[in-house]
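Going down the list, the sequences are from chains A and B.
Using full-length UniProt numbering, read the first sequence as starting at 1 and increasing by one per residue.
Using full-length UniProt numbering, read the second sequence as starting at 1 and increasing by one per residue.
Everything labelled a hint here was simulated from the structure, so no lab data went into it.
Treat the hints loosely; a few may be bogus.
Pairs of lysine-lysine, DSBU-like flavour, derived with a Cα cap of 30 Å [claimed, not checked]:
{"hint": "1", "chain 1": "A", "residue 1": "LYS242", "chain 2": "B", "residue 2": "LYS242"}
{"hint": "2", "chain 1": "B", "residue 1": "LYS333", "chain 2": "B", "residue 2": "LYS230"}
{"hint": "3", "chain 1": "B", "residue 1": "LYS242", "chain 2": "A", "residue 2": "LYS230"}
{"hint": "4", "chain 1": "B", "residue 1": "LYS242", "chain 2": "A", "residue 2": "LYS111"}
{"hint": "5", "chain 1": "A", "residue 1": "LYS230", "chain 2": "B", "residue 2": "LYS230"}
{"hint": "6", "chain 1": "B", "residue 1": "LYS172", "chain 2": "B", "residue 2": "LYS211"}
{"hint": "7", "chain 1": "B", "residue 1": "LYS242", "chain 2": "A", "residue 2": "LYS174"}
{"hint": "8", "chain 1": "B", "residue 1": "LYS111", "chain 2": "A", "residue 2": "LYS242"}
{"hint": "9", "chain 1": "A", "residue 1": "LYS242", "chain 2": "B", "residue 2": "LYS174"}
{"hint": "10", "chain 1": "A", "residue 1": "LYS242", "chain 2": "B", "residue 2": "LYS230"}
Computed footprint of chain B on chain A, listed as stretches where at least three residues anywhere in the stretch have a Cβ under 8 Å from a Cβ of chain B [claimed, not checked]:
{"hint": "11", "segment": "243-257"}
{"hint": "12", "segment": "260-271"}
{"hint": "13", "segment": "282-289"}
Bear in mind that the values here come from a model prediction, so they are computed numbers and not experimental data.
Backbone N, C-alpha and C fix where the C-beta goes; we use that ideal spot for every residue, glycine too.
Protein chains: 2
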Amino acid sequence: MSQQTDTNRRVVLASRPHGAPTEANFRIEHQHVPVPAEGQVLLRTVWLSLDPYMRGRMSDAPSYVPPVAIDDVMGAGTVAIVEQSQHADYAPGDWVVSQSGWQDFALSNGKDLFKLSGPVLKHPSWALGMLGMTGFTAYMGLLDIGQPQAGETVVVAAATGAVGSIVGQIAKLKGCHVIGIAGGAEKCRYAEEVLGFDKCLDHHQDDLAEKLKRYCADGIDVYFENVGGKVFDAVLPLMNSKGRIPMCGLIASYNATGPSAGPDRLTPFQGAILRKRLRVQGFIITQDYAHRFEEFFRQMSQWVAEDRFVFREDVVDGLDNAPETFIGMLEGKNFGKVVIRVAADQPGEQK
Amino acid sequence: MSQQTDTNRRVVLASRPHGAPTEANFRIEHQHVPVPAEGQVLLRTVWLSLDPYMRGRMSDAPSYVPPVAIDDVMGAGTVAIVEQSQHADYAPGDWVVSQSGWQDFALSNGKDLFKLSGPVLKHPSWALGMLGMTGFTAYMGLLDIGQPQAGETVVVAAATGAVGSIVGQIAKLKGCHVIGIAGGAEKCRYAEEVLGFDKCLDHHQDDLAEKLKRYCADGIDVYFENVGGKVFDAVLPLMNSKGRIPMCGLIASYNATGPSAGPDRLTPFQGAILRKRLRVQGFIITQDYAHRFEEFFRQMSQWVAEDRFVFREDVVDGLDNAPETFIGMLEGKNFGKVVIRVAADQPGEQK
Chain A
1 MSQQTDTNRR
11 VVLASRPHGA
21 PTEANFRIEH
31 QHVPVPAEGQ
41 VLLRTVWLSL
51 DPYMRGRMSD
61 APSYVPPVAI
71 DDVMGAGTVA
81 IVEQSQHADY
91 APGDWVVSQS
101 GWQDFALSNG
111 KDLFKLSGPV
121 LKHPSWALGM
131 LGMTGFTAYM
141 GLLDIGQPQA
151 GETVVVAAAT
161 GAVGSIVGQI
171 AKLKGCHVIG
181 IAGGAEKCRY
191 AEEVLGFDKC
201 LDHHQDDLAE
211 KLKRYCADGI
221 DVYFENVGGK
231 VFDAVLPLMN
241 SKGRIPMCGL
251 IASYNATGPS
261 AGPDRLTPFQ
271 GAILRKRLRV
281 QGFIITQDYA
291 HRFEEFFRQM
301 SQWVAEDRFV
311 FREDVVDGLD
321 NAPETFIGML
331 EGKNFGKVVI
341 RVAADQPGEQ
351 K
Chain B
1 MSQQTDTNRR
11 VVLASRPHGA
21 PTEANFRIEH
31 QHVPVPAEGQ
41 VLLRTVWLSL
51 DPYMRGRMSD
61 APSYVPPVAI
71 DDVMGAGTVA
81 IVEQSQHADY
91 APGDWVVSQS
101 GWQDFALSNG
111 KDLFKLSGPV
121 LKHPSWALGM
131 LGMTGFTAYM
141 GLLDIGQPQA
151 GETVVVAAAT
161 GAVGSIVGQI
171 AKLKGCHVIG
181 IAGGAEKCRY
191 AEEVLGFDKC
201 LDHHQDDLAE
211 KLKRYCADGI
221 DVYFENVGGK
231 VFDAVLPLMN
241 SKGRIPMCGL
251 IASYNATGPS
261 AGPDRLTPFQ
271 GAILRKRLRV
281 QGFIITQDYA
291 HRFEEFFRQM
301 SQWVAEDRFV
311 FREDVVDGLD
321 NAPETFIGML
331 EGKNFGKVVI
341 RVAADQPGEQ
351 K
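This is chain A alone, in the form it adopts within the complex:
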């Protein structure tokens, strides 16, 4: 089913996953389109962002954000059009970044909206990617925490993903030697030939550790951690003294149901942090850096205008396909930033 004007499709959390989510954890409901009150706008979703962190919100384990409640709509960043407005700052037809979640329509009081204008409207979905949360994550994690210097070696996993691809390209702009890690030969080729990484290694190959050592002949100065798991095991022995590990995601463990068996890798990790004087720092972009969004947006917009960046989206049509697409993303099936095209509108079109 495609987007209707009189029905709001909502993808709600039907049950909490144990391990990998399945389609049974989601349910699609149909409701009336809500009506904005004074001070509110009615938003119609055009683009929906799917991101790994949403797996955390499906669980009720203690976390940095409250979990999605059972029967509540799944949360998400979206690009939307203002359909009706009872808010002085917004007019019908305005394009905004919103937090509408996995649904066709949502109300907002305007406080969580970011109005889109200018060049970004050529590719509104980029406001969920390289000009939005994932680009912002890459930018701040790499530059503020990673602090790469020209000539240093930067390693990033999920190299063709929404965050990793931007991390690597910024690191190249800064004059670093950039090694990506990705799943499969096609992604690796893309990272080298299109994104311009110096090398990209396939984590499906058994000799990852060996090859990483070969291509990081001077060791690793910055490891941008957005994966965890066995990639980390290959990286740690190669970290240089005073290395930095910004950590924004651990997708490899999101579906874990409990601690894995031994040996215990904590003590060796602590030993490496101490001996190598590493800095390991977790961050949540919205909580740690919200005050620096404009700085990022201005700089990244300029780089984008100068054609310095390639940004690949994995576009899937139709809100109904969001659950299946999300499940596949956690398995690494996507190739680029995952966005759901909920409606086909483009800026400037009249409905």
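Using the hints provided, position chain B relative to the given structure of chain A.
Below, chain B without anything else, positioned relative to chain A:
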């Protein structure tokens, strides 16, 4: 045997320990006293510092400092008197901090010496403790990496040790709520009654995690890590968002012979770093902060002059007792900063 004027006793590394060091890993040799060449001074050791990091140098595993070679004298910071001088900047009778190691006499070209003068000469051994490397470690790790704010909760293990006791007292000066962890009721009582910690918990008790939770009712903002092991397991769940973990030692694992059994605690640790946006940073005081020693020395000297600090030394007489004392220190048998009184000289005495 006590110190002689014509013989140099040297404690050398006889063999590398497997697990906990034993006395068989050390050997005491007797040599002629060396003669300084042009540009050198002859130093006579008065105080010898014993510190846990020396365990690392007894092994040949990759580390941040080269291992002590077999048959070489054990390295260490010392307080020494200049006996003979062929160096323009030093005269016989000068007191210096040197890196003479576990021996009575050593030569130096002056580059690794720090001349002692003024109030510190009232307690020259303090130049190895609260006014030396261990105090400097506490000061920089806590203030530069931990960045405690008034009202925050700071937890430090080995609370009565050379580093921990200073960490806690600086944190109290900064207006923090300070919880120590130490081995045994006597040390805990001392930390509370003499050092002025708000509470000190005994890690020999089974209910450490429970009690820590009770006394850190607002969570933990800074955990000064100098121990590792099970104390860390009790601390991690209590860390607050944006918490800081300066890491300068892991004495609990120094004698480990291999990775411990599972479950694997690495992934939960990474998860905590991410969710809580922790900053975990290892440091080696001499490598990371040498350029700030004067700042530390000036500030700490002032605090000491104002009687703001208590510093307990665990003084053992005689170089011959260094091996046994060192082995005991790794087991937590010491109570305060361990120093060996190699000779009984005091400043101002004539030999």
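Hint-by-hint comparison with the structure:
With a C-alpha separation of about 21 Å, the suggested pair LYS242(A) and LYS242(B) falls inside the 30 Å cut-off, and the hint holds. Proposed proximity of LYS333(B) and LYS230(B) is supported: the alpha carbons are some 18 Å apart, at most 30 Å. At most 30 Å may separate the alpha-carbon atoms for a hinted pair to count; LYS242(B) and LYS230(A) meet this at roughly 26 Å. This hinted pair checks out: LYS242(B) and LYS111(A) have alpha carbons roughly 25 Å apart, not beyond 30 Å.
For the proposed pair LYS230(A) and LYS230(B), the alpha carbon gap of about 25 Å is at most 30 Å, so the pair holds. For the hint linking LYS172(B) to LYS211(B), the alpha-carbon distance of about 20 Å falls within 30 Å, and the restraint holds. For the proposed pair LYS242(B) and LYS174(A), the alpha carbon gap of about 28 Å is at most 30 Å, so the pair holds. Of the pairs offered as hints, the one joining LYS111(B) and LYS242(A) holds, with about 25 Å between alpha carbons and a cut-off of 30 Å not exceeded.
Our distance criterion of 30 Å between C-alpha atoms is met by LYS242(A) and LYS174(B), whose separation comes to about 28 Å. Distance hint between LYS242(A) and LYS230(B) is fulfilled; the C-alpha atoms sit about 26 Å from each other, no more than 30 Å. Coverage of the segment 243-257 of chain A by chain B holds in this model, with 6 residues showing a Cβ closer than 8 Å to a Cβ of that chain against a need of three. Check on the segment 260-271 of chain A: 12 of its residues sit with their Cβ under 8 Å from a Cβ of chain B, so the three-residue criterion for coverage holds.
For the segment 282-289 of chain A, the assignment as covered by chain B holds, since 5 residues bring a beta-carbon within under 8 Å of that chain's beta-carbons and 3 suffice.
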